[in-house]
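Please work from the sequences and hints to get the whole structure.
For our numbering, add 18 to where a residue sits in the sequence shown, where the first one is 1.
Some hints here could point you the wrong way.
[As the list claims (entries may be wrong)] If you anchor each label on the Cβ, the simulated ranges turn out as follows: (1) Gly341 to Ala314: 45 to 55 Å; (2) Asp77 to Ala314: 47 to 57 Å; (3) Gly315 to Ala43: 44 to 54 Å.
Keep in mind the hints are simulated off the structure, nothing from the lab. Every residue gets a Cβ at the ideal spot worked out from N, C-alpha and C, and that includes glycine.
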Amino acid sequence: MSNPHTFPAQVYATRLLKAQHLATAAGTPLVITPGPDLAYLTGIVSESFERLTALVVTDSSFGLVVPRLELAIVKDSAVPGLGAEGVELTVLDWVDGDDPYALVLGLLSGASTVAVADAVPALHLVPLLDRGLGVRLATDVLRRLRMVKDAAELDELRAAGAAIDRVHARVPEILRAGRTEREVADDIAAAIVEEGHTEAAFVIVGSGPHGADPHHEVSDRVIEAGDVVVVDIGGPLPSGYNSDCTRTYALGEPAAGIAEQYALLESAQRASVEAVRPGVTAEAIDAAGRDVLAAAGLGEFFLHRTGHGIGLSVHEEPYIVAGNDLPVEAGMAFSIEPGIYFSGRWGARIEDIVIVTEEGCEPVNTRSHGLTIL
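If you want it as structure tokens, here you go:
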């Protein structure tokens, strides 16, 4: 996994202080184990193993409980530079035979309830419960932090968008009739890395009837002349920030009616993008495009939400979906990706990542939205 500690320590100090402020307002200390939240706050990239690593944030202190054998990861993060930015973080290392949960309790200074990150595994949650701590989710605090991106994050998302656009520019030389979806996907995955990502997080190549399955990945189906092909791809940059972009291609002139229906999808995607501005709710952005398809009799063929937030995770808040009355704010970043799916026949999706600005939004993906005929 790539190390997102590419930003100055000041960035992480600011994030930690914001987390402390929000935790204090919520009246509950935070306990955060490895995952995107820990990476966001400290630059520490690790996985949850049987040995506990946990960041503890109270109203007056910051502490990190970490296995001694993981100290090198801490040294490769923002933690060593935090003191110079006015954030004192106490590192408590431990070895096998010690009780790391007692160290967490000590950092909590008598608090009876803690808020934990979504990624805390039961392996570490249950021992805290066994010690009498009340536990609730820290989702409200942590999502508030990560939904609104800072300038450093937005620059990384712009770079990720440009990188995946370069991959889509190469798709016409890769996607050909007679090749299998898997062969095409393998070449696209290689291009994703060649264009600056550390890996291909996902590659969807949905040809012909497989394009009607929004989460089809790849198969050994041979792509045929006349197929409509959905290509949905993305991955992380070395910073850990992700790209995600979908374009739809046709192997030769599509069958009658497809171009007209695809044009309606373009209109729907454009309507949702044009609806994005501060103060507009997530559900209103979803409705803007959905209403275009519904008016044309295609509403039942749009099977999923319009979008999802993106950052250190490919899918994170805010979710652009009916029922979410959250007003979007400048600095949020999310996908706009309506699709139409005709079971057993074909499907199409158009996806851009957009950044909310003070006046509207800025798409980070700029390649043509039209049905690309190869």
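Cβ separation of Gly341 and Ala314, checked against the hinted range 45 to 55 Å: 23 Å, violated
Verdict for Asp77, Ala314 (Cβ pair) under range 47 to 57 Å: 54 Å, holds
Look at the Cβ atoms of Gly315 and Ala43 and judge whether their distance stays inside 44 to 54 Å. 48 Å, holds
Hint compliance for this structure: hint 1 alone is broken.
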